[in-house]
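Q: One letter stands for each residue in the lines below.
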Amino acid sequence: MTTSEKSLDADGLRARVADVLASHDPATADRLEFLRARFDAGLAWVHFPVGLGGLDAPRELQSVVDAEFAAAGAPDNNPRRIGIGLGMAAPTILKFGSEELKKRLLRPLWTGEEVWCQLFSEPGAGSDLAALATRAVPDGGDWIVNGQKVWTSSAHTAQWAILVTRTDPDVPKHRGMTYFVLDMTQPGVEVRPLRQITGEAEFNEVFLTDVRIPDAQRLGEVGAGWQVAQTTLMNERVAIGGNAQPREGGMVGKVAETWRERPELRTPELRDRLLALWAEAEAFRLAGSRLRQQLAVGQPGPEGSGMKLAFATVAQKLASLELEILDEDALRYDDWSMRRPELVDFTGREAGYRYLRSKGNSIEGGTSEVLRNIIAERVLGLPSEPRTDKDVAWKDLPR
Amino acid sequence: MTNADLLYSDVETDLRASVRDLLTDRCEPASLLARAESDEPYDRALWQTLAGELGAAGLAVPEELGGQGASLREVALVLEELGRSVAPVPFLGSAVLATSALLSCDTASTEVSDLLRRLASGEATGALAVPLSTMTDAAFPGDVTAAADGTLSGTVRSVADGTAADVFVVPATGPGGHGLYAVDAAAADVSAPVSFDLTRPIADVTFQGAAATRLAGPDHAPAAVSGALRTGAGLLASEQLGLAQWCLDETVEYLKGRYQFGRPVGSFQALKHRLADLWLELVGARAAARYAADTLARRDADAPVAVAVAQSYCAQTAVHAAEECIQLHGGIGMTWEHPAHLYLKRAKASQVAFGAPGRHRAVLGDLVDLPA
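Chains as they are written, first to last, in this note's numbering: chain Y, 51 to 449; chain G, 21 to 392.
Worth flagging that the hints you see were computed from the coordinates, not collected in a lab. Fair warning: there could be bad hints in the mix.
Okay, the calculated bits of chain G under chain Y, using three or more residues with CB under 8 Å as the criterion [claimed, not checked]:
hint, region
1, 274 to 284
2, 304 to 316
3, 329 to 341
4, 368 to 382
Some, not all, of what chain G presents toward chain Y, calculated at C-beta under 8 Å [what the hints assert, rightly or not]:
hint, residue
5, 23
6, 26
7, 27
8, 212
9, 289
10, 292
11, 293
12, 295
13, 296
14, 297
15, 299
16, 300
17, 388
18, 389
19, 390
20, 392
Yeah, the Cβ is synthetic: ideal placement off N, Cα and C, and Gly gets one too.
Modelling step: build the complete structure from the supplied sequences, incorporating the hints.
A: What follows is the structure, given as structure tokens:
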């Protein structure tokens, strides 16, 4: 039976995995060669089209493939390192990119050869992303881009960026944007670390000065950048707070560990607060399971809108409590020196770091206030605040 | 945990629709208020329909014992709807507490199976003679003693649904140790103190040498009582969820239609954010309540943790929802005429039922190795 005759069910996919493993022994194969072979066999993301790392197979079968490769000890693409590429850039490129762009970009994105970053937020456009000011002006077959982006993870290691720009300042803000993929090695792209309250710099500021982008690297129509960006952002919120957790996974596990290891610090008041948060964390862990059960039977509920909000709130309360439990030890910090971590671990390092880093959980990827508006308006159906900016040309907005 | 089903099955959804239809027809707020101050706080006709015609009283009772052969998941679902309407029916006392205690006894004995049949069919209404505030891990109740001749004496305060009961299931201790007994309400002195919760009144019950039928001895009685309390606490979370859902829904609707400053007050972010937070609490409460019902139904080893989490979380969600309902309704929410107070009273009384949340957190800490 040739590969093309294998069925697109779990057994057929297992057989395809076996073919890759037979031709590329995971114990001896070069990591990159192995990942490329897996991509070319359509086993990177099985729901993608044939020829682009997939097989047009049902998305839920990906877990079968991942489990087979993991069981064989095969190298993976270190998904946490390339989360922006996998979770945000790839679905957007797939939906809006030309065939040439898809062919060029998706394979090295998936293998991790090319890291991606996201150039969306600006100093003057945070929650109100559609107010962004980075200008792209047509110049022959190219665009010339000037502006400043901020809160960019991985910009210092990225080869590529997804970028939203202002191309028409004379129409209301949602209508005058255009979306591109940008080669970060182009002249005029300057990346500076942005140091955070933790002391380290996970994020960057990116300054764009007369950066030239070929029109072929545009995603979607000119002026349709907002619609394209919605695809990216919807995938971001799915990625945050959507993962299965064991009991005591995440921040609650860290605080519980401290409680167990330091009996001399216990008081009845701290215990009651800890257990209230333990129960809350468990309730939302179960809510996450419930959400996945709903998705599995094809009945997605509105609960997804709240998972990131709940995650941020609970993590902050737990991290805050841990410092109170630690008493005198809370007066110390492990290290303020500036570093540039490649991976971010919300529950890594020590309690002081966790407390400070958790403050970002309610800001990044949609502030908790914006999420509350979304819940109130889209889930509960409450009316929106009166809007003063909807029909005003972008250039005339107060700023 | 891996096997827990946190969704509502099609059968459960159908059952919800039937119960909700009945309660929408027969349990509207104006009649609740009138009934609350009458001599007949329970709606016996509604209870007969619910228990007898819909079979809700015997949902978790096996068919061979006269029940529906469903599970505690379905009982939880009925409680969600009863919480939503704060229906004045003795479901918790009879169909949950008394029935659960009986199901833990030797159902091969005629005394037990006969009483189960009567409760499951709605022919009789039971109550478990313990204070509603009894914590799930409390010691065997010591209020009632059994004499050598098998009669019972003692007083039990604050019995849920006690004034509606035809028969009491009574934990008592005598020469033979702990036991569980059945006493006809006619043989007891039942009084009705002024109850904080207007739609689930409590009763003080006194036995003075009351004739009793022994249902279980020391082998089964302690487990029957603690099991009933744990089941009651775990399923009460579903009632609290339903109550909170009504409060949220009602408040959202009110804020859409209430105009001040020339706009619906529901368009102000200050109010929208409070309701979004409340909605999110309900998301957590629903998951916790479903998990408690599912683990209790499957007798899963994680049920004690699930119950402690559910009571720690859902009890507060219900109180918070009822308090927000009153505050966000403004003046009308503070009136006797508006039903919001019935929900607040039920929520606050239920928070204390089976032990207040802090007590459940203490139990939880022991269960999950977070010691004092």
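Q: Decide, hint by hint, whether the structure agrees.
A: Against the structure, the hints:
1. 274 to 284: holds (count 4)
2. 304 to 316: holds (count 7)
3. 329 to 341: holds (count 3)
4. 368 to 382: Since 4 is at least three, the answer is holds.
5. 23: Not OK, violated: residue 23 of chain G not within 8 Å of chain Y, min 11 Å.
6. 26: holds (4 Å)
7. 27: At 5 Å from the nearest chain Y Cβ, residue 27 of chain G passes the 8 Å test, so the hint holds.
8. 212: violated (35 Å)
9. 289: holds (6 Å)
10. 292: holds (4 Å)
11. 293: holds (4 Å)
12. 295: With Cβ-Cβ at 6 Å, under 8 Å, it holds.
13. 296: Holds: closest Cβ of chain Y sits about 4 Å from residue 296 of chain G, inside 8 Å.
14. 297: holds (7 Å)
15. 299: OK, holds: residue 299 of chain G within 8 Å of chain Y, min 6 Å.
16. 300: holds (4 Å)
17. 388: For residue 388 of chain G, the interface hint holds, since the closest Cβ of chain Y sits about 7 Å away, which is under 8 Å.
18. 389: holds (7 Å)
19. 390: holds (6 Å)
20. 392: holds (6 Å)
Of the numbered hints stated above, those contradicted by the structure are hints 5 and 8, listed in ascending order.
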